[in-house]
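Visitor: With the hints as extra help, turn the sequences into a complete structure.
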Amino acid sequence: MGKGKVGLSQVEWFLLLRDPMAYNRKFDRVDRWNARREGHGRCSLVSWLSLDFVGEEVSPVVKGRYLFTSESVSMGHPDKLADQISDGILDALIAEDPKSRVACETLVATGLAMVAGEITTKAAVNYADIVRNVIREVGYTSDSMGFNYETCAVLVSLRRQSPDIAMGVDPDASRGKPIGAGDQGMMFGYAINHTPEFMPLPISLAHRILDRLTTLRQQKVVDWLRPDSKSQVTIEFDGPTPVRVDTVVVSTQHAPEVTQKEIREFVIEKVVEPILPRELVNGEIKYFINPTGKFVTGGPHGDTGVTGRKIIVDTYGGWARHGGGAFSGKDPTKVDRSAAYMARHIAKNIVAAGLAERCEVQLAYAIGVADPVSIYVDTDGTGKVEEALLCQAIRDVFPLTPGGIIDYLDLLRPIYRKTAAGGHFGRELPEFTWEKTHRTADLLDAVGHVSVK
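Using full-length UniProt numbering, the first residue of the sequence shown is number 1, and each one after it goes up by one.
Everything labelled a hint here was simulated from the structure, so no lab data went into it.
Just to be clear, a hint being listed does not mean it is correct.
[Claimed, not checked] Ranges of calculated distance between the beta carbons of each label pair, as one might list FRET restraints: (1) Arg136 - Asn193: 28 to 34 Å; (2) Arg427 - Tyr287: 23 to 29 Å; (3) Val258 - Thr110: 18 to 24 Å; (4) Arg427 - Glu279: 18 to 24 Å; (5) Arg278 - Asp143: 40 to 46 Å.
[Stated by the list, open to error] Distance condition first, Cα-Cα at most 30 Å in a straight line; then the derived DSS-like pairs of lysine-lysine: (6) Lys220 - Lys270; (7) Lys270 - Lys286; (8) Lys220 - Lys286; (9) Lys99 - Lys122; (10) Lys436 - Lys99; (11) Lys270 - Lys418; (12) Lys294 - Lys261; (13) Lys286 - Lys261; (14) Lys220 - Lys294; (15) Lys436 - Lys384; (16) Lys418 - Lys384; (17) Lys418 - Lys99; (18) Lys286 - Lys63; (19) Lys220 - Lys418; (20) Lys384 - Lys63; (21) Lys436 - Lys418; (22) Lys418 - Lys122.
All C-beta atoms, glycine included, are put in the ideal place defined by N, C-alpha and C.
Guide: Right under this line is the structure:
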């Protein structure tokens with residue numbers, strides 16, 4: 001193996017030999033295997049093992065060909081319906097009282113939508129009307145679908161935010177206390193140069209397929225599409241580079257009278273094929289369209305939906321790490337949401353500036369405390385400067401307190417329901433301020449105008 005010692009335990013060797021990629025994700029931060037001391041920069045174990053230690057550049061972490069899959073779900077999926085109801089309530093409250101404190105959870109099931117949580121606000125809204133309006137706009141408008149905005153029961157169980165939490169979050173100008181984090185936790189943001197919007201390709205394509213399917217349903221191009229649907233895209237990679245679409249899975253709820261042959265032809269020809277990048281259509285693509293053979297029973301009638309159960313769909317499709325906190329139904333003092341948006345903004349600007357080909361940023365907070373307890377940057381061996389320098393540049397360029405993030409990203413606006421279907425990231429809409437890449441020059445200045453390609 002050349003000079004240097006790795007010194008792995010038996011457990012670590014077992015994990016490495018069984019699944020090098022999983023091992024890399026779990027252990028690549030531990031000591032970086034003395035790589036920095038050997039002068040090879042900051043690399044993971046898998047890239048360490050690929051070196052012959054004769055002065056080569058650090059190799060990509062993943063070498064050779066492999067498959068990676070991500071999924072998306074539509075606005076009519078029961079979990080996404082719950083997310084949209086929670087964020088619809090958040091938007092209504094913020095529109096009247098931007099300082100509303102909101103932690104709103106929703107459960108939807110056959111004939112039932114239940115809203116529960118903690119809300120402190122001066123706004124006066126009709127929660128049941130908001131719930132029914134969201135359900136109607138998503139498309140559940142008939143009892144024949146098993147769920148109908150007009151006939152479902154709506155239960156509301158809301159109380160004020162705990163005063164113990166409020167005393168840590170609320171600012172106090174007399175004591176010079178800024179807004180504190182609404183909870184502890186760690187949040188990740190990610191960007192990669194797979195797509196123009198700097199998102200991993202598998203999740204990007206999965207979202208686009210369902211966006212198109214939803215548009216065709218809403219335009220009534222066919223009369224048998226119903227709101228609940230899912231997509232899944234498998235891409236073949238060669239190292240970090242996508243080279244081929246391998247598999248596409250689409251399951252869509254439908255009226256009982258349509259045939260599976262008609263569904264398959266419509267989905268492949270009218271939905272999927274116009275979305276796939278031509279350069280990645282090499283060889284035969286495996287299609288699984290409604291693979292069970294029938295999807296009439298769907299939405300909350302088919303599966304109970306709950307806020308916050310599609311956090312991987314909401315973010316990077318499993319390509320990057322997730323801190324575990326859901327977004328929907330939370331006002332921006334909850335750093336689960338606002339700091340995840342800021343971490344994405346930071347990572348995207350780093351990649352857009354040419355400082356790395358891919359970048360993951362972690363922020364971590366303690367409840368009631370304004371400043372993050374830690375900042376972590378991982379460019380996966382593609383960085384043009386040391387990651388310690390990037391961490392310092394992040395502190396210099398971006399506000400990282402909850403109050404600073406809220407002001408910088410202009411988060412006290414009724415923008416959140418739009419985030420609750422189709423992904424929170426990679427959508428360059430005017431409301432999604434975290435997708436802007438206007439700080440690239442500031443980052444380059446902060447790291448000393450390093451030369452980038």
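Visitor: Does Lys99 pair with Lys122 here, judged by a C-alpha cut-off of 30 Å?
Guide: Holds, because 9 Å separates the two Cα atoms, which is no more than 30 Å.
Visitor: Decide if the proposed pair is consistent with the structure: Lys436 and Lys418, CA atoms, cutoff 30 Å inclusive.
Guide: 17 Å, holds
Visitor: Range hint 18 to 24 Å: satisfied by the CB atoms of Val258 and Thr110?
Guide: 23 Å, holds
Visitor: Lys270 and Lys286 were given as a pair; does the straight-line alpha-carbon distance stay at or below 30 Å?
Guide: Between Lys270 and Lys286 the Cα gap is close to 17 Å, so the pair holds against 30 Å.
Visitor: Return holds or violated for the Cβ distance of Arg427 and Glu279 against the range 18 to 24 Å.
Guide: For Arg427 and Glu279 the Cβ distance comes to about 23 Å; the hint holds.
Visitor: Is the Cα-Cα distance between Lys220 and Lys418 30 Å or less?
Guide: 21 Å, holds
Visitor: Within 30 Å, alpha carbon to alpha carbon, are Lys436 and Lys384?
Guide: 22 Å, holds
Visitor: Assess, step by step, whether the Cα of Lys220 is no farther than 30 Å from the Cα of Lys270, and give holds or violated.
Guide: This hinted pair holds, its Cα atoms lying about 13 Å apart.
Visitor: State, for the Cβ atoms of Arg427 and Tyr287, whether the hinted interval 23 to 29 Å holds or is violated.
Guide: 26 Å, holds
Visitor: Would you mind confirming whether the straight-line C-alpha gap from Lys286 to Lys261 stays at or under 30 Å?
Guide: Status holds; Cα separation ~16 Å.
Visitor: Are Lys294 and Lys261 close enough, with their CA atoms no more than 30 Å apart?
Guide: 11 Å, holds
Visitor: Against the range 40 to 46 Å, how does the distance between the Cβ atoms of Arg278 and Asp143 compare: consistent or not?
Guide: 43 Å Cβ-Cβ, so the 40 to 46 Å window holds.
Of the numbered hints listed earlier, those contradicted by the structure are 1 and 16.
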